[in-house]
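**Q** In our numbering, the protein residues as written are 1109 to 1325.
For the record, the hints were derived by calculation from the structure and aren't laboratory data.
What you are looking at is a predicted structure, and each value in this text was computed from that prediction instead of being measured.
Backbone N, C-alpha and C define an ideal beta-carbon position, used for all residues, glycine too.
One or more of the hints may lead you astray.
Derived pair list, reagent style BS3-like, types lysine-lysine, alpha-carbon separation capped at 27 Å [what the hints assert, rightly or not]:
1) LYS1158 x LYS1195
2) LYS1135 x LYS1183
3) LYS1182 x LYS1158
4) LYS1135 x LYS1195
5) LYS1170 x LYS1135
6) LYS1268 x LYS1135
7) LYS1182 x LYS1317
Quick list of simulated restraints, FRET-style, between CB atoms [claimed, not checked]:
8) GLU1148 x ARG1304: 18 to 24 Å
9) GLU1131 x ILE1257: 48 to 54 Å
10) ARG1304 x ARG1174: 24 to 30 Å
11) PRO1171 x LEU1305: 46 to 52 Å
12) GLY1169 x ALA1272: 19 to 25 Å
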Amino acid sequence: MIEEVSNYLNQIRHDFTKAALDEDSVKETPLEQYAAWFEEAVGSQVLDPKAMVVSTVDKEGKPSSRVVYSRGLKKNSILFYTNYLSKKGHDLEANNYACINIFWAELERQVRFEGRVFRVSEEESDAYFRSRPRDSQIGAWASEQSSEIPNREILKERVKLFEAKFENQDVPRPPHWGGYYIEVSRAEFWQGRPARLHDRVVYELDENKWKLTRLAP
1109 MIEEVSNYLN
1119 QIRHDFTKAA
1129 LDEDSVKETP
1139 LEQYAAWFEE
1149 AVGSQVLDPK
1159 AMVVSTVDKE
1169 GKPSSRVVYS
1179 RGLKKNSILF
1189 YTNYLSKKGH
1199 DLEANNYACI
1209 NIFWAELERQ
1219 VRFEGRVFRV
1229 SEEESDAYFR
1239 SRPRDSQIGA
1249 WASEQSSEIP
1259 NREILKERVK
1269 LFEAKFENQD
1279 VPRPPHWGGY
1289 YIEVSRAEFW
1299 QGRPARLHDR
1309 VVYELDENKW
1319 KLTRLAP
């Protein structure tokens, strides 16, 4: 079966023909360019435009990736929220550099952000947590993210425990849950093109100014 799938993977071919990308046409900053592409992704009914892969590295230099949702933009930063005691939380305590990868297959586009990661303020985390559905708020208390559990029943029991604890009151934000923002120092925008001659435009921060370059595909 593995050999059959391997052969099939090598038989699949896809040509990229939907758009082009030129360094003269992009926005002044990478977050402005991301915002423009995000709006196009939403308008094109991309399945899940908020989804992005966050890659971290632990204290032993081992990389780890997972899909999270982008939850906001600042001037040079993109935000996401998680459990601080999760695998990514421990990784970021050891090494606060990360890479984000976003792939919008329907538009044949990819975005990569690199930079240092910091926690958002407690006030921002509180405000976002209050905006979440109550079930998600309870879930943040019930799930000790990335820890080993014997079965799913333990999760259900913990949900019941915290539903009872916070009955008839607002659910406060757990102290181990909150936001991170990646302060972007390098960004790449990739547009698929025919014959694998893709467009790749890179932003790099140099003395507080964005330098634009084009890379070979």
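**Q** Compare the structure with each hint and give your call.
**A** Do the hints match the structure? See the list:
Proposed proximity of LYS1158 and LYS1195 is supported: the alpha carbons are some 21 Å apart, at most 27 Å. Distance check on the hinted pair: LYS1135 and LYS1183 sit about 13 Å apart at the alpha-carbon level, within 27 Å; holds. Taken as a hint, the LYS1182 and LYS1158 pair is honoured in the structure, with Cα atoms around 15 Å apart against an allowance of 27 Å. Proposed proximity of LYS1135 and LYS1195 is contradicted: the alpha carbons are some 35 Å apart, above 27 Å.
Restraint check for LYS1170 and LYS1135: not satisfied, since their Cα atoms lie roughly 35 Å apart, outside the 27 Å limit. Straight-line distance between C-alpha atoms of LYS1268 and LYS1135 comes to about 49 Å, which puts the hinted pair past the 27 Å bound. Distance restraint check for LYS1182 and LYS1317: the Cα-Cα separation of roughly 16 Å lies within the 27 Å cut-off, and the hinted pair is therefore satisfied. At roughly 23 Å, the beta carbons of GLU1148 and ARG1304 sit within the given window of 18 to 24 Å.
For GLU1131 paired with ILE1257, a C-beta distance near 49 Å keeps the hint of 48 to 54 Å intact. Under the hint 24 to 30 Å, the C-beta atoms of ARG1304 and ARG1174, about 28 Å apart, fit the expected range. For PRO1171 paired with LEU1305, a C-beta distance near 29 Å fails the hint of 46 to 52 Å. Checked against the given bound of 19 to 25 Å, the beta carbons of GLY1169 and ALA1272, roughly 43 Å apart, lie outside it.
Hint compliance for this structure: hints 4, 5, 6, 11 and 12 are broken, all remaining hints hold.
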